[in-house]
Amino acid sequence: MSAKPSLLMFVAAAVLIVPAAIRAQATPPAQNRKPVTTLTSPVTGNAVAGKTLYYDHACYSCHGFNGETGARPFVPNWPANLATERSFIAFLRGRANVAPVQPSTAMPNYPAESLSDAQARDVYAYIRSFKSAPPSIEKIPVMNQILAAAKKPYKQ
Amino acid sequence: MSRSTKLVVNRRGFLKGAASAAAGAAAIATQVPETDAQTQPAGPERSDASAPPPSAAQLERDAGAARPPTGGSPRAAVRPGSDLMVQVLRDLGIEYVAANPGSSFEGIQESIINYGNPPNLMPEFITALHEESAVTMAHGYGKATGKPMCALLHGTIGIQHAAMSIYQAYYDKTPALLIAGRDLGFIAAHSANDMAGMVRSYTKWDATPKTLEESLGAIQRAYNEAITPPCGPTMVVIDIELQKEEAGTMKVPAHQPPQISGVDPGQAREIAKSLLDAQNPRIAVGRLRTPSGVRLAVQLAELVGASTSTSATQGPMSFPQRHPLCGPGANTSYDYILGLEQPGTVSLTGPSLTTLLARDTTNIGFGGIAPGVSRAGGAGRGGGPAGRTVTIDAEASLPAIIDEVRRQMSPDRQRLVHERGAKHATANQAARIEALTRALEQRRAGWDASPISTARIYAELWPLIVEEDWILASPSNFSGGHNSQLWDHNKPYSYLGGQGAGGMGYGAPAAVGAALAARSRKQIVINVQTDGDLNYAPGVLWTAQHHQLPMLTVMHNNRAWHQELMFVEYMCGVRGRGTERGHIGTTLRDPFIDYRMMAASYGMAGEGPITDPLKLGPALKRGLASVKNGLPYMIDVITQPR
Chain G
1 MSAKPSLLMF
11 VAAAVLIVPA
21 AIRAQATPPA
31 QNRKPVTTLT
41 SPVTGNAVAG
51 KTLYYDHACY
61 SCHGFNGETG
71 ARPFVPNWPA
81 NLATERSFIA
91 FLRGRANVAP
101 VQPSTAMPNY
111 PAESLSDAQA
121 RDVYAYIRSF
131 KSAPPSIEKI
141 PVMNQILAAA
151 KKPYKQ
Chain S
1 MSRSTKLVVN
11 RRGFLKGAAS
21 AAAGAAAIAT
31 QVPETDAQTQ
41 PAGPERSDAS
51 APPPSAAQLE
61 RDAGAARPPT
71 GGSPRAAVRP
81 GSDLMVQVLR
91 DLGIEYVAAN
101 PGSSFEGIQE
111 SIINYGNPPN
121 LMPEFITALH
131 EESAVTMAHG
141 YGKATGKPMC
151 ALLHGTIGIQ
161 HAAMSIYQAY
171 YDKTPALLIA
181 GRDLGFIAAH
191 SANDMAGMVR
201 SYTKWDATPK
211 TLEESLGAIQ
221 RAYNEAITPP
231 CGPTMVVIDI
241 ELQKEEAGTM
251 KVPAHQPPQI
261 SGVDPGQARE
271 IAKSLLDAQN
281 PRIAVGRLRT
291 PSGVRLAVQL
301 AELVGASTST
311 SATQGPMSFP
321 QRHPLCGPGA
331 NTSYDYILGL
341 EQPGTVSLTG
351 PSLTTLLARD
361 TTNIGFGGIA
371 PGVSRAGGAG
381 RGGGPAGRTV
391 TIDAEASLPA
401 IIDEVRRQMS
411 PDRQRLVHER
421 GAKHATANQA
431 ARIEALTRAL
441 EQRRAGWDAS
451 PISTARIYAE
461 LWPLIVEEDW
471 ILASPSNFSG
481 GHNSQLWDHN
491 KPYSYLGGQG
501 AGGMGYGAPA
511 AVGAALAARS
521 RKQIVINVQT
531 DGDLNYAPGV
541 LWTAQHHQLP
551 MLTVMHNNRA
561 WHQELMFVEY
571 MCGVRGRGTE
581 RGHIGTTLRD
591 PFIDYRMMAA
601 SYGMAGEGPI
611 TDPLKLGPAL
621 KRGLASVKNG
631 LPYMIDVITQ
641 PR
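As they're listed, the protein sequences go chains G and S.
Per the numbering used here, residue 1 is the first one in the first sequence, and the count goes up by one each step.
Per the numbering used here, residue 1 is the first one in the second sequence, and the count goes up by one each step.
If we strip away everything but chain S, and leave its shape as in the complex, we get (with noise of 0.2 Å):
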């Protein structure tokens, strides 16, 4: 395939005819006559009223069909190849490209804004404010609906700015789709030759095509490397000239998806026949890949009546935590457990007290699992650890499983599946009351309490949400982690759980992309915010409010990155040297942040400080009417430190 170099302008020549045509353009405005520049008014004083029809050229290009002008500039293609770059995004599904505008990714830019019927949709481009909320924002939105989203980085040093959060996602298993822009002829800084290089070592797969169409099946391989577990980012560098290319009648290659392994018919029917011969089944279930495997799972353990365990509270991809069969049954001797992505089922520091007194076990997935540390075919009770481990997606496997179950059903076995699954039923509903009933008394305590305390907001929050569609973005594990003990979790994108590395920064701007996510399937998000988090990247609040999106943020407000203040106190104290001081570089004090102000100032709409745990509930209720009607809103609650 040929590359157009001829049809490229140099970039300093461009620059330099930039500034040639802002001086004759300066030129010329002096010369516009006073009334004409005031019919005008710009900005957001500009009436609507004022605004002419639009013309059919712009009804055009608002369509999509935007064209070159007819023998116009040299750099401009008929057929862009970045044209055929969004086209692939487009078939692959990708809904949102979000990014930090770069002159390295121009051209997709420009084709993701103007390219197709309509343009600006299916991927919708989303401003960021930092390369970091870009990818986490895929993050968030990742892990809401298991596919990726999309973020452009602009050379190496947007992928520099990006890496913490490629590293969370990758941590965290978590598709996203990184392209990357490279300009070798521009700031020689901005590029490398191997600019992936720098994120490879947490990045799943990466590739730096040489041409147009490499580079479209690139993507589209980033896309299947991405979902194909373990999942995680990848990324793919596209030079800037190959996107400005004149694609000519060149054709978007059909995707083909990943064929993703499950365990094979013999295995399948094994653990099938395990499953029904059991007395008592488990199936303990960790994070699956999507939606659609937790709809297996749900339907797997109602063919056979077993109880089973979620990591629903957790994080997202789970079983439905309020579903009858979850919860630990009528019966906790558990003779055979299968385990989805369990790791916990059969993990690195050995097999937990429920596995040792089941009497057999396997479990699939990759959560965790190290190789080879089962036994397979072990005795069970005082045999040490019974399990076998298979190392391929659970999720995949699980038709099969269904099949084998249905082909080896009988009705005396579907009796005892009916029998088995009432008894759990009654049983785990009675657990779950008495757990909430203890919980709720334990939260009780510092109930009005001023500052707030994080119980109270979530359960203010509960009542107001529990009908609704939601999703808590926002990790709770800072915040008290209320969330696992007094809401339900029963979707699949409940909780989105946590940071993946640990890192700070990530609950906004994971919050934000899970928004996405939730505008286009009418959900709402919850976003219980700490205060130190936020300030790694507040400019997201901007990206929520721009593009309307569903989000209400509640401050967990402390004043301090909590946790630091907790160990630097530590510290002090065993040294002997005295505690006064421990507050020096772990508080955000002198001055407070005013929170709604930071809102506030990026344009969404809030309220706070609040002291007052009356002034809650209503505020939340104001919040979430906002939010219902597509606009985030911001509360700032001035909190108890946990």
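Bound-form chain G, shown alone (with noise of 0.2 Å):
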């Protein structure tokens, strides 16, 4: 195939951007959104249960157990697509129905097959459960050491 874009690639684009942006123009993306430290939105699903589907579907591989270490931590900056029951079943159906692309492609798709509306609830149940409290920096002694060898002159 030719390294040069063809007329068709860029109509084919075409096709496929125009709907997203007029999509993105009516809703702004997720990530677009401010997140919030505090959520006080109703949760009505089963945390125990969303306990063991956090483990079975691995979402603690890129969250972390409690949802503020690894790859994508959201404790305690919750991020808007995670403000609502609603807002998170829509964020996982809409990134395998609806726009598949939208926001990104980094999160695994969530159709209703594998992760139910009521299961879906349940997750959200249980990592609304996740409390995010670390101390400040004062209060962690080996940090503060950390600071105060780094303020010691250096030694060759």
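Keep in mind the hints are simulated off the structure, nothing from the lab.
Check the hints yourself; a few may be wrong.
Said to hold, decoys possible - Counterexamples of contact, computed for chain G against chain S with all Cβ distances above 10 Å:
(1) LEU39
(2) THR40
(3) THR44
(4) ALA47
(5) VAL48
(6) ALA83
(7) GLU85
(8) ALA90
(9) GLY94
(10) ASP117
(11) ALA118
(12) ARG121
As the list claims (entries may be wrong) - The calculated lysine-lysine pairs, modelled on DSS-like cross-linking and capped at a C-alpha distance of 27 Å, are:
(13) G:LYS155 - S:LYS522
(14) G:LYS152 - S:LYS621
(15) S:LYS628 - G:LYS152
(16) S:LYS522 - S:LYS628
(17) S:LYS173 - S:LYS522
(18) G:LYS151 - S:LYS621
(19) S:LYS621 - G:LYS155
(20) G:LYS139 - S:LYS615
(21) S:LYS491 - G:LYS155
(22) G:LYS151 - S:LYS423
(23) G:LYS131 - G:LYS51
(24) S:LYS491 - G:LYS151
(25) S:LYS204 - S:LYS173
(26) G:LYS152 - S:LYS423
(27) S:LYS423 - G:LYS155
What the hints assert, rightly or not - Sample of chain S residues at the chain G side, in silico, Cβ under 7 Å:
(28) TRP447
(29) GLU460
(30) VAL466
(31) GLU569
(32) TYR570
(33) GLY578
(34) GLU580
No experiment lies behind these values; they were computed from the predicted model shown.
Beta carbons: idealized from backbone N, C-alpha and C, even for Gly.
Two chains, two frames, some hints: make the complex.
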């Protein structure tokens, strides 16, 4: 195949990109919305069942066992797509069935066939139970020691 | 030179004789009185108090004065060729020879453990449980010291066991000296006419000498080739007959070190002038060859007052991270950049932004530079990448550049250098504290979490080792890379970097190799060990214990090949078939592996599994106390995935 883009490729790209752009205008991508640190929306799922699902579907692999670590932590700065049960389920579904490339393909898709709405609510209930209150740097002795060491003069 | 075939007993004949001897020994054993058999209990229960004092003959043997019995076996040589081979290794300064035993190098092995005064020292025989481990030990040692270590490989099978490690060392441009034994008269499958051919595409040089004399020269040449940049593993295939041959009066040839070329005097003059003429020069330091190169880079930066970048957080042999000149400096508009083995300065993918903004650039080295990508005499800003690439060793170039800088230095320039250096030092320290504070703020997340965050492992370790002479031998890329922001990498060997070719099974044996270097230099090794990696070659834990190596292993035990888990989860997801089976083939569960018990089975002290973050710090202190006493220690920590 030629390395140069053909006219056909431009047309195909336009067909794909324009509707996506229109959708994007109507609903700003979730990652562009500001994260919040406290959530108060209702939770209806079962957190105990959600804990098993969080493990079985390996949510922890990217988000850590507590949502605080790993490649994509979400606690305590909750992204907008986790603001409510509804937005969470729409995020999971939207990725698979409606607009699979939005907001990105970094997270696996979760169609209803593999994670039902009820199960998704359970997962949501579990992750809403995550509490993150790490001590401040000042209250972590080793972090103080690290800072103190960095302020010492350099020794050859 | 003559090949001594008369002295060699046919292998099958030897085995037949051995079988007869064993049968005879069994018959004799039945006649030993019971009381005699009980006076010398075997194994660890044997009391030192019951051991008789060594005889004169034993003392003589301990001093390396072992000689074959007179008029004894026709296999024996009075001055075997392998003694001379070991003398060559000794003359080259080879500290260690690692091997999993194999009959094709039994002559060399016997010489290592018996020849010389004292025997089994320079080199010392290191018992490896796998050839891949032996070569990766040499890989780790080579990165920690800039010098080759030797590994012995047994025929075709040993070479193939070692192939993966050789490949990684080659990719990592790390010197290693490999000697493969060959025994053409024994098992056909274990030998071949061209054994080195199996790994030739990823060894730098190899030879199969035909005589003892050639063998001695080949070992010296292999050493020279290994340390001549671009460095890499080299191999000499040595027939067993040459090892057993009577050397007679043959002399060990004097070693001629390689002459490694640097820039020519004209280039040195030009580079020195560019550094001194620049208002804001910068030196971008990649991976140099040896600690000596690092010292020279520091010397040059201090002489010209240049801010520097370093790759010390990515691998060994680079500029000290905490040096006052290391950092962005007081002014990031650099008007001349000197790259030392720094592929980022002028690279295959084009110049970096910093380079584009610079008025002029010179890059010296082999570090990823593609010949011809730079444009000599480029115009700088707006005129495309301005750079010269000099494909020659940076370390060997530095003395001439330093001499030229000194020659061209004037009192006015000296004053400017001093002022600029002071400004850089202030700015770099402020930048460092700011970056560290930001990094600590990020790593507070999950501080009290269980399983334990990987950041907490590195954070807890740092205050405990900051005043020690340490080596972080394990790659940290799968463990969050927290050392790069929390620790200071000020020694050429502070961090040994990645696997070379990204292959698993590297971390533990490389750490053992680094610990060999550390043992003789009064250093300690930190090995933050990923669980998937350890299971390739756990036998190295025994090697560490057996040879009493100062290595603290802290398990980053996430019970998975975690990156692969994420990849498979992703694949399950994008195919819309559910993610609940992504753990199949990617996790280490059902059952979980108990690494403390694994270490214990190899005789290594340890503790864990630890899940409570409050127990981590005290465990690390205990582990370091053990390591500082010269004994390895294992702490199994159940961690967050990354």
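Against the structure, the hints come out as follows:
no.: 1; hint: LEU39; verdict: 17 Å, holds
no.: 2; hint: THR40; verdict: 22 Å, holds
no.: 3; hint: THR44; verdict: 22 Å, holds
no.: 4; hint: ALA47; verdict: 17 Å, holds
no.: 5; hint: VAL48; verdict: 17 Å, holds
no.: 6; hint: ALA83; verdict: 20 Å, holds
no.: 7; hint: GLU85; verdict: 20 Å, holds
no.: 8; hint: ALA90; verdict: 16 Å, holds
no.: 9; hint: GLY94; verdict: 13 Å, holds
no.: 10; hint: ASP117; verdict: 15 Å, holds
no.: 11; hint: ALA118; verdict: 15 Å, holds
no.: 12; hint: ARG121; verdict: 17 Å, holds
no.: 13; hint: G:LYS155 - S:LYS522; verdict: 18 Å, holds
no.: 14; hint: G:LYS152 - S:LYS621; verdict: 22 Å, holds
no.: 15; hint: S:LYS628 - G:LYS152; verdict: 24 Å, holds
no.: 16; hint: S:LYS522 - S:LYS628; verdict: 9 Å, holds
no.: 17; hint: S:LYS173 - S:LYS522; verdict: 26 Å, holds
no.: 18; hint: G:LYS151 - S:LYS621; verdict: 23 Å, holds
no.: 19; hint: S:LYS621 - G:LYS155; verdict: 24 Å, holds
no.: 20; hint: G:LYS139 - S:LYS615; verdict: 17 Å, holds
no.: 21; hint: S:LYS491 - G:LYS155; verdict: 11 Å, holds
no.: 22; hint: G:LYS151 - S:LYS423; verdict: 17 Å, holds
no.: 23; hint: G:LYS131 - G:LYS51; verdict: 14 Å, holds
no.: 24; hint: S:LYS491 - G:LYS151; verdict: 18 Å, holds
no.: 25; hint: S:LYS204 - S:LYS173; verdict: 10 Å, holds
no.: 26; hint: G:LYS152 - S:LYS423; verdict: 18 Å, holds
no.: 27; hint: S:LYS423 - G:LYS155; verdict: 19 Å, holds
no.: 28; hint: TRP447; verdict: 4 Å, holds
no.: 29; hint: GLU460; verdict: 5 Å, holds
no.: 30; hint: VAL466; verdict: 5 Å, holds
no.: 31; hint: GLU569; verdict: 5 Å, holds
no.: 32; hint: TYR570; verdict: 5 Å, holds
no.: 33; hint: GLY578; verdict: 3 Å, holds
no.: 34; hint: GLU580; verdict: 5 Å, holds
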